[in-house]
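Make a model of the complete structure from these sequences and hints.
Each residue of the sequence shown is one higher than the one before, starting from 278 at the first, in the working numbering.
Errors might be hidden in some of the hints.
[As the list claims (entries may be wrong)] Straight line, CA to CA, 25 angstroms or less: simulated SDA-like cross-link-like pairs of lysine to any residue:
#1 LYS412 / CYS400
#2 LYS412 / LEU451
#3 LYS331 / ARG321
#4 LYS331 / PHE341
#5 LYS331 / ILE395
#6 LYS412 / ASN382
#7 LYS470 / LEU451
#8 LYS440 / LEU337
#9 LYS412 / ALA380
#10 LYS412 / GLU457
#11 LYS396 / GLU379
#12 LYS412 / GLU379
[Said to hold, decoys possible] Per label pair, the in silico range of CB-to-CB distance:
#13 ARG375 / ASN405: 23 to 29 angstroms
#14 LEU403 / GLN460: 35 to 41 angstroms
#15 TYR472 / LEU445: 50 to 56 angstroms
#16 GLU449 / LEU337: 24 to 30 angstroms
#17 ARG461 / THR366: 34 to 40 angstroms
Derived from the structure by calculation, the hints contain no laboratory data. For each residue, glycine too, the CB sits at the ideal point set by N, CA and C.
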Amino acid sequence: MARCSNCKAPLSPGSLICAYCGNRNDIDLKGIHYYTTHDTDLPRTCPRCNIKLKSLDLKLHGRFLIDRCEQCLGLFFDPGELEALLEATVANVSGIDRAGLEAINEKREVNQYPIAYIKCPVCSQLMNRVNFGAKSGVIVDRCREHGVWLDGGELRQLFEWMKLGGQLLEQERLEQQHREAEQREKEQRQKLKGYENEPSPFGSFSDPLRQSDPDLFGIIVKAIRFFT
Numbered sequence: 278m279a280r281c282s283n284c285k286a287p288l289s290p291g292s293l294i295c296a297y298c299g300n301r302n303d304i305d306l307k308g309i310h311y312y313t314t315h316d317t318d319l320p321r322t323c324p325r326c327n328i329k330l331k332s333l334d335l336k337l338h339g340r341f342l343i344d345r346c347e348q349c350l351g352l353f354f355d356p357g358e359l360e361a362l363l364e365a366t367v368a369n370v371s372g373i374d375r376a377g378l379e380a381i382n383e384k385r386e387v388n389q390y391p392i393a394y395i396k397c398p399v400c401s402q403l404m405n406r407v408n409f410g411a412k413s414g415v416i417v418d419r420c421r422e423h424g425v426w427l428d429g430g431e432l433r434q435l436f437e438w439m440k441l442g443g444q445l446l447e448q449e450r451l452e453q454q455h456r457e458a459e460q461r462e463k464e465q466r467q468k469l470k471g472y473e474n475e476p477s478p479f480g481s482f483s484d485p486l487r488q489s490d491p492d493l494f495g496i497i498v499k500a501i502r503f504f505t
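Shown next, in the form of structure tokens:
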């Protein structure tokens, strides 16, 4: 049982004010080393459990806040936070372990939730389901304005993905897409240039007197002179 820091009397559950001496008791955070737990300024609701999320300060290069549901252990990251956390946590990856990437997806447990669109913890609008990266096996729920939701266990999957070179594979995929887009654009420009160099099918009508068949023109002139 919690006790008053001033008179050591027992505190009522959930109470910060000592009923005996009136001392206000702050929350004891001495046992927390990796992060500090505190409430968010703006209420954010877990899209799975419909309860208020708690903010965690990971103290990554200073203050680094993310939101977690204490019931399902889902996590909500503001825009850019998830990528920053992955890059800061997993470093010095020099190659792509393609066999390992295939293996982590084969061994992964079946999703604990049915496939469905869930609401953003901030704006309550339905989020988009997006594949996080090539061979990651993780479909994140993303609100374009407010951030990304990960179900419990998915962050661990992304850490393993990063260690096996998943981010390098994703970069490789994006570079290939960029090269293919440039090639398609180049082919389209060449096609348009070819159309510009082709003679117009209507060019023969630009000057009917000069472009007409000379024999036909002569016949018409003779006919006009005959009738006049």
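Tested hints:
no. : hint                                : verdict
1   : LYS412 / CYS400                     : violated, 30 angstroms
2   : LYS412 / LEU451                     : holds, 13 angstroms
3   : LYS331 / ARG321                     : holds, 8 angstroms
4   : LYS331 / PHE341                     : holds, 13 angstroms
5   : LYS331 / ILE395                     : holds, 19 angstroms
6   : LYS412 / ASN382                     : holds, 8 angstroms
7   : LYS470 / LEU451                     : violated, 29 angstroms
8   : LYS440 / LEU337                     : holds, 19 angstroms
9   : LYS412 / ALA380                     : holds, 10 angstroms
10  : LYS412 / GLU457                     : holds, 20 angstroms
11  : LYS396 / GLU379                     : violated, 31 angstroms
12  : LYS412 / GLU379                     : holds, 7 angstroms
13  : ARG375 / ASN405: 23 to 29 angstroms : holds, 28 angstroms
14  : LEU403 / GLN460: 35 to 41 angstroms : holds, 36 angstroms
15  : TYR472 / LEU445: 50 to 56 angstroms : violated, 41 angstroms
16  : GLU449 / LEU337: 24 to 30 angstroms : holds, 27 angstroms
17  : ARG461 / THR366: 34 to 40 angstroms : holds, 37 angstroms
In terms of the numbered hints stated before, the structure departs from hints 1, 7, 11 and 15, listed from lowest to highest.
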